[in-house]
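Peer 1: Here's the letter readout for the chains.
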Amino acid sequence: DVKVTQSSRYLVKRTGEKVFLECVQDMDHENMFWYRQDPGLGLRLIYFSYDVKMKEKGDIPEGYSVSREKKERFSLILESASTNQTSMYLCASIMNTEAFFGQGTRLTVV
Amino acid sequence: RKEVEQDPGPFNVPEGATVAFNCTYSNSASQSFFWYRQDCRKEPKLLMSVYSSGNEDGRFTAQLNRASQYISLLIRDSKLSDSATYLCVVTPNTGTASKLTFGTGTRLQVTL
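From first to last, the protein sequence lines stand for chains A and B. Residues are numbered in my numbering as their position in the first sequence, beginning at 1, plus a constant of 9. Residues are numbered in my numbering as their position in the second sequence, beginning at 1, plus a constant of 1498.
Hints listed in this document are in silico derivations from the structure and should not be mistaken for laboratory results. Hints may be right or wrong, so weigh each one.
Claimed, not checked - Simulated pairs of lysine to aspartate or glutamate, DMTMM-like, Cα-Cα distance not exceeding 20 Å:
#1 B/K1543 / A/D35
#2 A/K66 / B/E1501
#3 B/K1597 / A/E39
#4 B/K1543 / A/D37
#5 B/K1597 / A/D68
#6 A/K27 / A/E88
#7 B/K1597 / B/E1541
Unchecked claim - Residues from chain A that face chain B, not an exhaustive set, calculated with beta carbons under 8 Å:
#8 G49
#9 L50
#10 G51
#11 L52
#12 F57
#13 L99
#14 I103
#15 T106
#16 E107
#17 A108
#18 F110
#19 Q112
#20 G113
Just so it is clear, the structure is predicted and the values come from calculations on it, not from any experiment. Note that the Cβ used here is the ideal one computed from N, Cα and C, for glycine as well.
Let the sequences and hints guide you as you build the complete structure.
Peer 2: Structural data, given as structure tokens:
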């Protein structure tokens, strides 16, 4: 059974902190994506990766970076968290255009 | 103009009703189309793919109209368990076929 696991369901961080969101997939997929989901705005693509050590900017990359050192793990980094980054973050592993999502991380920046 | 547009709803329908959602997309070169379902506080999951010839899965029917650039989802005999947000998803023809673009979703509430 397909599995994408995000390290935390809920996080509360302070403004200015460096935040790491981790995502692991067990399907040996090459393509991994990070989205954020906000009411009225839907899912917006932050960054994606097609291979180890490879990354590409999505539609809203500002304030974020990513790391893909191993095929199964894709990390999203908030360099200096701000209140406008309070959101639901969803990691997805995509194979043949079907996306398998993690359970999401609800991040609150205070 | 948004790449993928949906009516946010909510659509409130009684059990047993038939309900239909539409979704429009702006890129005429889009390749693939899908409907995802997202339950409250859960992650999205693939409901069905959408083909030009239309496809049916039980009570659900999806259709694609390339000329008018919209896709539709029809749910017959609605159940309480169908209550969810339905996301329209499109892949653009940029060579990165796996890059999915999501609509904001249409919320469906089925009531007794």
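Peer 1: Hints first: check each against the structure and report whether it holds.
Peer 2: Hint-by-hint comparison with the structure:
| no. | hint | in the structure |
| --- | --- | --- |
| 1 | B/K1543 / A/D35 | holds, 17 Å |
| 2 | A/K66 / B/E1501 | holds, 17 Å |
| 3 | B/K1597 / A/E39 | holds, 13 Å |
| 4 | B/K1543 / A/D37 | holds, 19 Å |
| 5 | B/K1597 / A/D68 | holds, 11 Å |
| 6 | A/K27 / A/E88 | holds, 5 Å |
| 7 | B/K1597 / B/E1541 | holds, 18 Å |
| 8 | G49 | holds, 6 Å |
| 9 | L50 | holds, 7 Å |
| 10 | G51 | holds, 4 Å |
| 11 | L52 | holds, 4 Å |
| 12 | F57 | holds, 7 Å |
| 13 | L99 | holds, 6 Å |
| 14 | I103 | holds, 4 Å |
| 15 | T106 | holds, 5 Å |
| 16 | E107 | holds, 5 Å |
| 17 | A108 | holds, 6 Å |
| 18 | F110 | holds, 4 Å |
| 19 | Q112 | holds, 6 Å |
| 20 | G113 | holds, 6 Å |
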